[in-house]
Amino acid sequence: MSRGEQRPQDFLGGLAAAARGMGVVIKQVFRPDVTERYPQQIDEPPPRSHIGRHLLNRYENGLEKCIGCELCAYACPADAIWVEGADNDPENPVSPGERHAKDYQINYLRCIMCGLCVEACPTRALTMTHAYEMAFTSREDAIFTKEQLLEPPLPLGTAPGTQEG
Amino acid sequence: MPVERIQGVHLGRTAAEAEEDVKKGVLLTSLDRAVSWARKQSMWPVTFGLACCAIEMMATGAADYDLSRWGMELFRASPRQADLMIVAGRVSQKMAPVLRTIYDQMPEPKWVISMGVCASAGGMFTNYAILQGVDTIVPVDIYVPGCPPKPEMLMYGILRLHEKVRTKGTVK
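Quick mapping for you: the protein sequence lines, in order, are chains E and U. Following my numbering, the numbering of the first sequence begins with 1 at its first residue and continues without gaps. Following my numbering, the numbering of the second sequence begins with 1 at its first residue and continues without gaps.
Isolated chain E, as found in the complex (with noise of 0.2 angstroms):
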């Protein structure tokens, strides 16, 4: 209340300050609401944004980019990603080159999603997707092998759970 204004001397003088506050209230209810009704309406994160699952890629004839080279595991600030390379057996080779990439794990229960690790390949071989749909009920289920990480993400709102029984 402004310094000039009395507080209301009467019963009716009170209620009508009472009637003003509620109208205050009451216009809320006829503004058009921010809320992003979650898992029926997803929006997509921004495009450069890196929160979500890793994907590794692959070359158009199937080959793997990813050579083994450990280079997202040593840029990892929260030792998240463990790598083990091999060379490649001639008659069936993994990736292009010598190397690959014999044992890929992410722990996503250490992942600070930095993206850190996809700055340091060097063959653009790890990148991020926008699949933020992880939650898990034990510690092993969160460590993605390779071959999980392989696999390309399920759209959003597809993951088992978003649909409400």
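The reader is advised that the hints may include incorrect statements.
Short, incomplete list of chain U residues facing chain E, as computed with Cβ under 7 angstroms [stated by the list, open to error]:
| id | residue |
| --- | --- |
| 1 | Arg39 |
| 2 | Asp64 |
| 3 | Tyr65 |
| 4 | Asp66 |
| 5 | Val98 |
| 6 | Thr101 |
| 7 | Ile102 |
| 8 | Asp104 |
| 9 | Met124 |
| 10 | Ile142 |
| 11 | Tyr143 |
| 12 | Met155 |
| 13 | Tyr156 |
| 14 | Gly157 |
Rather than coming from a laboratory, the hints here were simulated on the basis of the structure. Using N, Cα and C, we set each Cβ at its ideal position, and we do this for glycine too.
Put chain U on the given structure of chain E with help from the hints.
The following block gives chain U in isolation, referenced to the frame of chain E:
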């Protein structure tokens, strides 16, 4: 840090586990189902925001991503009136007994969501001052990754918890 690879499941369930869940659902009586439905409909979280994840938890409760769509806007300060503990943030060694005390003061049934990587497994702080995962002192139902997890990620974790509560019976 090398970890032994155990055959885990991508995003939750194999076909066998889903079938088992369906079987459990069929075995539950109507009363069990009603009680489980009621329990998941309005879980009240206890205020346990510790660090940066608390900001995202508050954002999830605010208008942009509303938690009251699931009846959870009421964060109770008293653990006696709450049934869900969302551990949001890194837990230091000093805070660990406090966390355990609050967990013990919550009445059954109670659930724990470990929000963010610091609460789940120590996150990027692999040192002696931070507890390497809150599941060392309390049983955790859902681990939500992220640093901090987007509000949608926390909501997805909450939806998974609701599903877990709804499909599991009240008989332990």
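Structure-inconsistent hints, enumerated in ascending order: Structure breaks hints 1, 5, 6, 7, 8.
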